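Engineer: Chains D and U, in that order, give the protein sequences. Sequential numbering of the first sequence, starting at 1, is according to our numbering. Sequential numbering of the second sequence, starting at 1001, is according to our numbering.
None of these hints come from the bench; they were simulated from the model. Quick caveat: nothing in here was measured; it's all calculated off a predicted structure. The beta carbon of each residue, even a glycine, is placed where N, CA and C say it ideally should be. Heads up, some of the hints might be wrong.
Said to hold, decoys possible - DEER-style ranges, computed between Cβ atoms:
(1) D:SER72 with U:ARG1077: 46 to 56 Å
(2) D:LYS32 with U:HIS1072: 44 to 54 Å
(3) D:GLU29 with U:LEU1026: 43 to 53 Å
(4) D:LYS46 with U:PRO1148: 24 to 34 Å
(5) U:ASN1027 with D:GLU73: 17 to 27 Å
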Amino acid sequence: MNNQDNRAKTECERKEDLMDYLYGEFSAEQEKSFKKHLLECISCQKEVNEFRAVSTSLKAWHVEGSPNVSLSEIVGETVKKQLPTVATARSVREIISELVAALPAWFRYSSAFAAACSLLLVLMATLNTEVRYDKNGFSFQVALFSKDTAESPTQIDKKQVETLAREMITQMVAEKQEQIKQELEIQISALNKELSEKNSAQLSRVTLELKTEQRERLQRALLELERQKNKKPSEFEDDPFNLWGSLDIKTGDRNTTNN
Amino acid sequence: MSEAILQSWSDSFVELSDNEIIERTLNGEPEAFNLLIRRWERQIYNLAFRMLGKEEDAHDICQETFFSAYRHLSKFRGDAKFSSWIYRIALNCCHTHLRSRSGTNLSLEQQYEDLGYEPTTTVESINETMQRGQVAGLVKKALMGLPPDMREVIIMKEYQDMKFHEIADVLGIPISTVKTRLYTGLNQMKQRLGYLKAAL
Ligand SMILES: [Zn+2]
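Just chain D, with the same shape it has in the complex (with noise of 0.2 Å):
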């Protein structure tokens, strides 16, 4: 090939129409245009030739290695930011709500975490609580008596008692955990269908009901232990577990501590 005679040659005006015809980003119409077109043009029959070539080349160009971007570095340290690191002393409300923000939406408006919720939310209300959320994921620890009941004038020996109760509850409420956990991913892929439909009027109403239920299981128990400190200390004696009538938590009956 010659190529004085190349350069030499008149350039055709369509290189635009060129690249629309090499690409295939003509229309039916206008690509049958542009092939009349290229019949009778001989510098564009030939760049045709010669981009397709180049295009060949470009082919045999295959990228080495392979994306490896740290998920950590950037969305990581930010959700991190968002989960508070130790949570303790601090009120239950607070610590509910804190764990409901970090949980996502669909989550948040799902019956199952309302039941869960509203378990957390009596147990811990009930009993003075303390809770601790962390990378571990969620715990807490409970303390049968209160600063006020502790100071209560009883000959019972109340360390005994109290180590009891707590060997007690935690387990209980790891039993009820476990049954909510599973509970939990049972429903999951169905509770990811309904997401669209709930809303949150939902959790309002239970958060609702819990709060009327709280304060009257509050009462209650206070009311009792009220009752059973002006009882004699032999009472207790008998029988240590009687406060957990008070507390509507049954020894036979662990698992059913909300009704």
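Fit chain U with the ligand to the known structure of chain D by using the hints.
Structural biologist: Same frame as chain D, but now just chain U with the ligand:
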């Protein structure tokens, strides 16, 4: 929260559009952004790799691009395409990187060009007579020698398979400019491949 719950949660994002994921990310679910990264990182990496020619540079650009996108996500307009926006960010990062590179030394094909030599080898013959690995080497060299604004158009058209209007959208230039830039770029590639083959 158990693994199963988290997994199920992330699965629920798979069907979402880019804009829906952005909305969720901005509405207090930052983890949702991970899905956008997974969706677009390969494309961004490939673009950066071909713009800069080096694996480690492509990694850096990729990371930088998504970090920048995440930080400025609230500035993203919902009526635009996320892909155009992220491409633009990536190309800006590439240009910054290219500017910071120390003085460009005159390439062999540039010296040929300055002397007024015409290549005697056609691109057709390169494809016919050379091994694919060798062709790839030539292509990489020739492409790296192109001005970046021609290089990016060739990359987006040839490798990223984008339409002219999409490229115009990313670069913020008229469609006709994209076409003429591509035309000039392909012409230069043809020339450079010829010089490089002759220099072998
Ligand atoms: Zn023509």
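Engineer: Confirm or reject each hint.
Structural biologist: Hints versus structure:
no.	hint	verdict
1	D:SER72 with U:ARG1077: 46 to 56 Å	28 Å, violated
2	D:LYS32 with U:HIS1072: 44 to 54 Å	46 Å, holds
3	D:GLU29 with U:LEU1026: 43 to 53 Å	44 Å, holds
4	D:LYS46 with U:PRO1148: 24 to 34 Å	28 Å, holds
5	U:ASN1027 with D:GLU73: 17 to 27 Å	22 Å, holds
Hint check: a violation occurs at hint 1 only; the rest are consistent with the structure.
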